[in-house]
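Novice: Mapped onto mature numbering (1 follows the signal peptide of the UniProt record, and there is no 0), the consecutive letters of the sequence shown carry residue numbers -26 to -1, 1 to 551.
Simulated from the structure, these hints should not be mistaken for lab results.
Worth double-checking, as some hints may not be accurate.
What the hints assert, rightly or not - Quick list of in silico lysine to aspartate or glutamate cross-link-like pairs, DMTMM-like style, CA-CA up to 20 Å:
id: 1; residue 1: Lys235; residue 2: Glu184
id: 2; residue 1: Lys33; residue 2: Glu95
id: 3; residue 1: Lys214; residue 2: Glu184
id: 4; residue 1: Lys7; residue 2: Asp216
id: 5; residue 1: Lys37; residue 2: Asp338
id: 6; residue 1: Lys30; residue 2: Asp338
id: 7; residue 1: Lys269; residue 2: Glu236
id: 8; residue 1: Lys214; residue 2: Asp198
id: 9; residue 1: Lys238; residue 2: Asp249
id: 10; residue 1: Lys214; residue 2: Glu339
id: 11; residue 1: Lys30; residue 2: Glu339
id: 12; residue 1: Lys40; residue 2: Glu99
Please read all numbers here as calculations on a predicted model, not as lab measurements.
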Amino acid sequence: MKTTLSLFCCSLSLLFCFYLPRGSLSAGVDRCKLPPRGWNSYDSFCWTISEDDFLKSAKVVAKYLKSHGYEYVVLDYLWYRRLVPGAYTDSLGFDVIDQWGRMVPAPDRWPSAKSGSGFAEVAKEVHSLGLKFGIHVMRGLSRQAFDANTPILDINTGRAYEESGREWRAQDIGIKERSCAWMPHGFMSVNTSLPAGRAFLSSLYHQYAEWGVDFIKHDCVFGDDFNLEEITYVSGLLKKFDRPILYSLSPGTSVTPTMAKELKGLANMYRVTGDDWDSWGDVASHFDVARDFAKAEMVPGEGLLGSSWPDLDMLPLGWLTDAGANQGPHRQCNLTLDEQRTQMTLWSMARSPLMFGGDVRQIDETTYKLITNPTLLEINDYSSNNMEFPYVTGKILGPARNHLMRRSKISMLKRVNNHHTRVVGVTSCKDPNANGWSVESLGQYHEQICWRKEDEQLNREPLCLYKRICSNEHVLYGQDNRRLFTSDNGVKSCLDASPRHKLTSSEWKKKQPSFSTCRGDANQVYIYHHFSSSPRIDRERKFAAYCCNGLSTDVEVEQQCHSQEQLLWPMRQGKTS
């Protein structure tokens, strides 16, 4: 598998040399201290799962995954839709609602709900396995309840909600023009500025709490369908309950850190991408998103009665169904094993919630070992300061006896947070960062050329190179402006890199980019121009000009420049590269 994606680097901040059970850190008022972990039915069953299939899956999770921290079993959407001919993901008229317009489990799929107890029996069974029970819910009010104009339950009186001398109904609170964009026949927002609208939401979530629900996945309220008013009100309801209910938001299409900051204190996890399925394109799209939220220092953030976690979506591994399908698991994951490993590694290093989506009843040994890998799970739980890092190098020091991971210090860039370390890059000669070089003579034949950002503090060390004249065999007639640039005042290490692409980890490890043994070949020969305003290192004028700049390892600057493919650009003899 060939990629040019940047890697993530993480530093483990472990206080223990053994794997601490997750429950000992997640109980109490500080809710969701670790990224949530569990199984979700969507990737393997879409909406068609039955009570029997769900409880069998829960038993497998309890037996094989609970000891690895997978504690939630979450029933995804449309559990209230009857599985009959004509019903599909956006069909109208097939849902089961009570007299108050609230969704209740479809009895043809959930027979324990026939008594009117909703999911109480299912939750009881899940709890007996030592697991926690979650459900998926949609925004506001169903189209079916709106069309039926059902009354609204007043949970304080047990009767229809009345105000200003009249009874309020679904059509008084539903906002039809704010229907869910991806399920227009399904659900719409309610007017939370109206007491009747708030009363309806209260009746919904009190019912979920009475059923014994431990996890709410609230859909079509975030991303492109952002509804902060409903999120805020629901969060307030969950905060008042006498037992913890984790609050998850979905989906995350077009979500940015700026948008997510509006959720401060409101949720425990929130999607930051659209739905992730088993294609490499879907996986690859998560690298930049994970980078952005790490850079924004939102992993974790302040959540509902505890922490909140950016959610990269479920892990579509193992035996799956298809998006929108009216059938259960029927095919294997399309990702290669390397791609699956990449996904699990990225999700773990980004500290995303880990929700396995495959059919646990048919889980194979390879998938099982991947999602229970102790090193990745430890990284997911306890690592810190994880962020995108353009180059990674290091070597195994030997078997780790008291720790899962032990690496040598990173060459040159010893720590991502070392603000005194610099690297060299290339950029357009029109870029202001191509300027800022200054020259100091060190004798008759030697000069030091240094780069400092224009607005940078003077007490900060500049990046300096030492300019050397090329030996005669490397200088052609009329080319006396060619130079080598060394890392010190000797001639042992010269500026050296490939201009064609971002260097991979193996290339960095092999070539020690930025500097390698001085050879004087084309990869190390640069053109040096010294203008009256500022000296520059660039290419010959008859070719496209690219200039060297100095780059701080500050995360903000580093990510900005490397997103523009700015790397070292050596002189090529007589042709462009």
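Novice: Please go over all the hints and tell whether each is borne out by the structure.
Specialist: Hint check:
1. Lys235 with Glu184: violated, 31 Å
2. Lys33 with Glu95: Status holds; Cα separation ~15 Å.
3. Lys214 with Glu184: Roughly 13 Å separates the two Cα atoms, so the pair holds.
4. Lys7 with Asp216: The given pair, whose Cα atoms are some 19 Å apart, holds under the 20 Å limit.
5. Lys37 with Asp338: Since the Cα atoms of Lys37 and Asp338 sit roughly 15 Å apart, the hinted pair holds (cutoff 20 Å).
6. Lys30 with Asp338: holds, 16 Å
7. Lys269 with Glu236: holds, 17 Å
8. Lys214 with Asp198: With Cα atoms ~28 Å apart, Lys214 and Asp198 exceed 20 Å; violated.
9. Lys238 with Asp249: With a Cα-Cα distance of about 23 Å, the restraint between Lys238 and Asp249 is violated, given a limit of 20 Å.
10. Lys214 with Glu339: violated, 43 Å
11. Lys30 with Glu339: holds, 19 Å
12. Lys40 with Glu99: holds, 15 Å
In summary, the structure is inconsistent with hints 1, 8, 9 and 10 from the numbered list given earlier, while agreeing with the others.
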